[in-house]
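Student: Sequence:
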Amino acid sequence: MYDLVTFKESLQHLKQPWAHEHEPIKDLVGVVKDIKPTVLIGTSGVGRTFTKEVVEAIVAINEKPIIVALLNPTSQSECTAEEAYTWTKGRAIFASSSPFDPVEYKVNVFVPKLANKAYIFLGFRLGLIMFGTIRIRDDMLLAASWPLHGGIGWVKHEITRSSTEAKHGGIEMKKCAQQLLATQALMSKLANKIM
Numbered sequence: 001m002y003d004l005v006t007f008k009e010s011l012q013h014l015k016q017p018w019a020h021e022h023e024p025i026k027d028l029v030g031v032v033k034d035i036k037p038t039v040l041i042g043t044s045g046v047g048r049t050f051t052k053e054v055v056e057a058i059v060a061i062n063e064k065p066i067i068v069a070l071l072n073p074t075s076q077s078e079c080t081a082e083e084a085y086t087w088t089k090g091r092a093i094f095a096s097s098s099p100f101d102p103v104e105y106k107v108n109v110f111v112p113k114l115a116n117k118a119y120i121f122l123g124f125r126l127g128l129i130m131f132g133t134i135r136i137r138d139d140m141l142l143a144a145s146w147p148l149h150g151g152i153g154w155v156k157h158e159i160t161r162s163s164t165e166a167k168h169g170g171i172e173m174k175k176c177a178q179q180l181l182a183t184q185a186l187m188s189k190l191a192n193k194i195m
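What the sequence shown shows, in UniProt numbering, is residues 1 to 195, in sequence order.
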């Protein structure tokens, strides 16, 4: 494990506030117990990493832990929906990038939600097509994703709702692209006046 402070200067400005000194921790259970996160997001590409011990550690410090299992296929997922709901005694907010069947736990039925980056691509693609931009900036990507933020927007299961939000995302991205072109045109005019 790397000490983020060593690389702090090379990080994007939006990531720098999260870099801090910390002794290396050997396993995910130790990270959860020491760092005390509220969310587990599977981004390592290693399946079955949200073990019972890891999930029990996060639920011990959070009333409603958020567990996002992103690895595909479901057989390789960081944990299953059933494991997340069972190990947290029904307290988890669970989402995955692959569909899981509903889970019965005690008297409740939990329907796992999809947390798939594909939802942002709908708005992103629409924005590209609508305006024909060939340069993408970070603020355009953020603008395309903004309509998905409502509530826990990334925990979606209604595709039709996501399509509507994609239209809004495309419109917001188009606005950013228009601002970029207007700024570039203004800068070009200023440069011509100076020369």
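Worth flagging that the hints you see were computed from the coordinates, not collected in a lab.
Note that the structure is a prediction, hence the values are computed from the model and not measured.
Hints are not guaranteed to be accurate.
To be verified - No farther apart than 30 Å at their CA atoms in a straight line, the calculated lysine-lysine pairs in the DSSO-like style are these:
| no. | residue 1 | residue 2 |
| --- | --- | --- |
| 1 | Lys26 | Lys8 |
| 2 | Lys113 | Lys33 |
| 3 | Lys106 | Lys36 |
| 4 | Lys15 | Lys26 |
| 5 | Lys89 | Lys15 |
| 6 | Lys26 | Lys89 |
| 7 | Lys52 | Lys36 |
| 8 | Lys64 | Lys106 |
| 9 | Lys89 | Lys113 |
| 10 | Lys52 | Lys89 |
| 11 | Lys36 | Lys89 |
| 12 | Lys113 | Lys36 |
| 13 | Lys106 | Lys15 |
| 14 | Lys15 | Lys33 |
| 15 | Lys33 | Lys8 |
| 16 | Lys64 | Lys36 |
| 17 | Lys8 | Lys89 |
| 18 | Lys26 | Lys106 |
| 19 | Lys8 | Lys113 |
| 20 | Lys89 | Lys106 |
| 21 | Lys8 | Lys106 |
What the hints assert, rightly or not - Computed spacing ranges between beta-carbons, pair by pair:
| no. | residue 1 | residue 2 | range |
| --- | --- | --- | --- |
| 22 | Ser10 | Asn108 | 30 to 36 Å |
| 23 | Gly45 | Trp18 | 17 to 23 Å |
| 24 | Val46 | Val111 | 34 to 40 Å |
| 25 | Pro99 | Glu53 | 38 to 44 Å |
| 26 | Leu11 | Val111 | 23 to 29 Å |
| 27 | Thr74 | Glu53 | 17 to 23 Å |
| 28 | Lys33 | Lys8 | 37 to 43 Å |
| 29 | Asp138 | Val111 | 22 to 28 Å |
| 30 | Glu23 | Val111 | 39 to 45 Å |
| 31 | Pro102 | Leu11 | 23 to 29 Å |
| 32 | Gly30 | Lys89 | 20 to 26 Å |
All residues carry an ideal CB built from backbone N, CA and C; glycine is no exception.
Student: So, for every hint listed, does it hold in this structure?
Tutor: Hint check:
no.	hint	verdict
1	Lys26 to Lys8	21 Å, holds
2	Lys113 to Lys33	26 Å, holds
3	Lys106 to Lys36	28 Å, holds
4	Lys15 to Lys26	23 Å, holds
5	Lys89 to Lys15	33 Å, violated
6	Lys26 to Lys89	27 Å, holds
7	Lys52 to Lys36	16 Å, holds
8	Lys64 to Lys106	17 Å, holds
9	Lys89 to Lys113	18 Å, holds
10	Lys52 to Lys89	12 Å, holds
11	Lys36 to Lys89	19 Å, holds
12	Lys113 to Lys36	24 Å, holds
13	Lys106 to Lys15	41 Å, violated
14	Lys15 to Lys33	22 Å, holds
15	Lys33 to Lys8	24 Å, holds
16	Lys64 to Lys36	13 Å, holds
17	Lys8 to Lys89	39 Å, violated
18	Lys26 to Lys106	35 Å, violated
19	Lys8 to Lys113	34 Å, violated
20	Lys89 to Lys106	9 Å, holds
21	Lys8 to Lys106	46 Å, violated
22	Ser10 to Asn108: 30 to 36 Å	46 Å, violated
23	Gly45 to Trp18: 17 to 23 Å	21 Å, holds
24	Val46 to Val111: 34 to 40 Å	26 Å, violated
25	Pro99 to Glu53: 38 to 44 Å	26 Å, violated
26	Leu11 to Val111: 23 to 29 Å	37 Å, violated
27	Thr74 to Glu53: 17 to 23 Å	21 Å, holds
28	Lys33 to Lys8: 37 to 43 Å	24 Å, violated
29	Asp138 to Val111: 22 to 28 Å	34 Å, violated
30	Glu23 to Val111: 39 to 45 Å	40 Å, holds
31	Pro102 to Leu11: 23 to 29 Å	40 Å, violated
32	Gly30 to Lys89: 20 to 26 Å	23 Å, holds
Consistency note: the structure conflicts with the earlier hints numbered 5, 13, 17, 18, 19, 21, 22, 24, 25, 26, 28, 29 and 31.
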